[in-house]
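**Q** Below are the chains, spelled out letter by letter.
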Amino acid sequence: MIRIAIVDDSETARMFIRRCLEIVGFSKANFIEADNGKDALEKIKKTPVDLILTDLTMPVMDGETLLKWIKSNPKLCEIPVLVITSAGNPAKESELIKIGAIGVLPKPISPAKLNTFLAPFMKDKEEEQ
Amino acid sequence: MTETQKKWDDIMYSAISETIESMAFMEVIPTDDSHEPEKDCLCVSLLVHDPVQGEFELFMGRDLITMLADTVYGPVMAEVSDQNIFDLLAEILNTVVGRFMSDILPEDTSFKLGVPEICVGDCSRNTSSLKKWEYIIEDFTFGLTVTGESLLKLRNTT
Numbered sequence: 082m083i084r085i086a087i088v089d090d091s092e093t094a095r096m097f098i099r100r101c102l103e104i105v106g107f108s109k110a111n112f113i114e115a116d117n118g119k120d121a122l123e124k125i126k127k128t129p130v131d132l133i134l135t136d137l138t139m140p141v142m143d144g145e146t147l148l149k150w151i152k153s154n155p156k157l158c159e160i161p162v163l164v165i166t167s168a169g170n171p172a173k174e175s176e177l178i179k180i181g182a183i184g185v186l187p188k189p190i191s192p193a194k195l196n197t198f199l200a201p202f203m204k205d206k207e208e209e210q
Numbered sequence: 738m739t740e741t742q743k744k745w746d747d748i749m750y751s752a753i754s755e756t757i758e759s760m761a762f763m764e765v766i767p768t769d770d771s772h773e774p775e776k777d778c779l780c781v782s783l784l785v786h787d788p789v790q791g792e793f794e795l796f797m798g799r800d801l802i803t804m805l806a807d808t809v810y811g812p813v814m815a816e817v818s819d820q821n822i823f824d825l826l827a828e829i830l831n832t833v834v835g836r837f838m839s840d841i842l843p844e845d846t847s848f849k850l851g852v853p854e855i856c857v858g859d860c861s862r863n864t865s866s867l868k869k870w871e872y873i874i875e876d877f878t879f880g881l882t883v884t885g886e887s888l889l890k891l892r893n894t895t
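Chains as they are written, first to last, in my numbering: chain A, 82 to 210; chain B, 738 to 895.
FYI, nobody ran anything at the bench for these hints, they're computed from the structure.
Heads up, some of the hints might be wrong.
Listed next, with one range per pair, are the computed distances between beta-carbon atoms [unchecked claim]:
| no. | chain 1 | residue 1 | chain 2 | residue 2 | range |
| --- | --- | --- | --- | --- | --- |
| 1 | B | F762 | A | P171 | 28 to 36 Å |
| 2 | B | D777 | A | S153 | 42 to 50 Å |
| 3 | A | N196 | B | H786 | 27 to 35 Å |
| 4 | A | S153 | B | D800 | 46 to 54 Å |
| 5 | B | F762 | A | N196 | 17 to 25 Å |
| 6 | A | K126 | B | E875 | 40 to 48 Å |
| 7 | B | K776 | A | P171 | 38 to 46 Å |
| 8 | B | Y750 | A | R100 | 24 to 32 Å |
| 9 | B | D845 | A | E123 | 31 to 39 Å |
| 10 | B | L867 | A | S108 | 44 to 52 Å |
| 11 | A | A172 | B | E764 | 27 to 35 Å |
Listed next, the stretches of chain B that the computed footprint assigns to chain A, with coverage defined by at least 3 CB atoms under 8 Å from CB atoms of chain A [said to hold, decoys possible]:
| no. | region |
| --- | --- |
| 12 | 753 to 759 |
| 13 | 823 to 830 |
| 14 | 843 to 854 |
List time: in silico DSS-like cross-link candidates among lysine-lysine, alpha-carbon distance up to 30 Å [what the hints assert, rightly or not]:
| no. | chain 1 | residue 1 | chain 2 | residue 2 |
| --- | --- | --- | --- | --- |
| 15 | B | K849 | A | K126 |
| 16 | B | K868 | B | K849 |
| 17 | A | K152 | B | K849 |
| 18 | B | K849 | A | K194 |
| 19 | B | K744 | A | K194 |
| 20 | B | K849 | A | K124 |
| 21 | A | K119 | B | K849 |
| 22 | A | K127 | A | K179 |
Predicted model only: the values in this text are computed from it and were never measured.
Beta carbons are placed, not taken as given, at the ideal position from N, Cα and C, and that holds for glycine.
Work the whole structure out from these sequences, hints included.
**A** This is the structure we're talking about:
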């Protein structure tokens, strides 16, 4: 079963992202939720995940710091990280992709927008299974 | 109204309508009429830290935000709590301000937002350097304001 981490300090945003994921084909995924980067790192170290969707602006540890931690950890660096943020623009997007994000999706998200980024990932997962 | 001010109005309308339609599947209509704050009005604020400084506030009557929350949370929750209502209000403002800032700033300029907070005080706040927008969803009105000299100065350049 695919495990997906959703990291956002807003419960509404986490629920909305989860609903969009379910609509695009991840209804049977095991979701792990965290409300900041530090909380996410602790949970991901205990329970490895296949995909991380993270917000940028969060208290305690922001999404960019989480991305840097993930990409600098040999055990976690292969996990795809998609950034979903309201504070994105082309400059920030290229910065985050340089660090290792698979993409940056501006809020408000929709199942269709999410599918654009996750379709290749889903295809890879299907081939693995 | 100058061309650049109208552009801000268009950008804000686009941000708020796309956000509400995506999250709650409801149509937003702009209104030029000024309305009295709703009796039971809730407010959330969000600071812009960089590259300009300012503050956005979103005001919404409890009836309207409860209706939106019922739509957003309805499929997964039997009962919507006050925490859910404030969280939804905060997420709406966060998304709208992000879209707005992204559209008014040059493409190569990053920006930094704070974390949404529940406003202290009532919904009738008024300051000298204030830009206000009002909208209607079904029969309910709601408003959004922005303050901050450096942020408002962008109106002359964008």
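**Q** All the hints need checking, so say for each whether the structure fits it.
**A** Structure-based check of all given hints:
The hinted window of 28 to 36 Å between F762 (chain B) and P171 (chain A) holds, with their beta carbons roughly 29 Å apart. As the Cβ distance of D777 (chain B) to S153 (chain A) is approximately 49 Å, the hint placing it in 42 to 50 Å holds. A beta carbon spacing of about 33 Å between N196 (chain A) and H786 (chain B) agrees with the range 27 to 35 Å that was offered as a hint. Checked against the given bound of 46 to 54 Å, the beta carbons of S153 (chain A) and D800 (chain B), roughly 49 Å apart, stay inside it.
At about 18 Å, the beta-carbon gap between F762 (chain B) and N196 (chain A) stays in the expected band of 17 to 25 Å. Checking the proposed 40 to 48 Å range against K126 (chain A) and E875 (chain B) shows it holds: the Cβ atoms sit about 47 Å from each other. Remark: the range hint 38 to 46 Å for K776 (chain B) to P171 (chain A) is upheld by a beta-carbon distance near 43 Å. Taking 24 to 32 Å as the suggested C-beta distance range, the pair Y750 (chain B) and R100 (chain A) conforms, at roughly 26 Å.
The hinted window of 31 to 39 Å between D845 (chain B) and E123 (chain A) holds, with their beta carbons roughly 35 Å apart. Take L867 (chain B) and S108 (chain A): their Cβ atoms lie about 46 Å apart, and the range 44 to 52 Å holds. Take A172 (chain A) and E764 (chain B): their Cβ atoms lie about 33 Å apart, and the range 27 to 35 Å holds. Judged by the Cβ-Cβ criterion of 8 Å, the region 753 to 759 of chain B is covered by chain A as claimed, because 3 of its residues qualify and three suffice.
For the region 823 to 830 of chain B, the proposed coverage by chain A is satisfied: 4 residues have a C-beta within less than 8 Å of a C-beta in that chain, meeting the threshold of three. Counting residues of the region 843 to 854 of chain B whose C-beta lies closer than 8 Å to any C-beta of chain A gives 9; at least three are required, and the coverage claim holds. Straight-line distance between C-alpha atoms of K849 (chain B) and K126 (chain A) comes to about 29 Å, which keeps the hinted pair within the 30 Å bound. For the suggested pair K868 (chain B) and K849 (chain B), the alpha carbons sit about 20 Å apart, so the restraint of at most 30 Å is met.
With a C-alpha separation of about 23 Å, the suggested pairing of K152 (chain A) with K849 (chain B) holds against the 30 Å cut-off. Of the pairs offered as hints, the one joining K849 (chain B) and K194 (chain A) holds, with about 24 Å between alpha carbons and a cut-off of 30 Å not exceeded. Between K744 (chain B) and K194 (chain A) the alpha-carbon distance is near 26 Å, which keeps this suggested pair within the 30 Å criterion. In summary, the hint linking K849 (chain B) to K124 (chain A) is supported, as the alpha carbons are separated by about 27 Å, within the 30 Å threshold.
Straight-line distance between C-alpha atoms of K119 (chain A) and K849 (chain B) comes to about 20 Å, which keeps the hinted pair within the 30 Å bound. A distance of roughly 27 Å separates the Cα atoms of K127 (chain A) and K179 (chain A); the hinted pair therefore holds under the 30 Å criterion.
Checked against the numbered hints given earlier, the structure satisfies every one of them.
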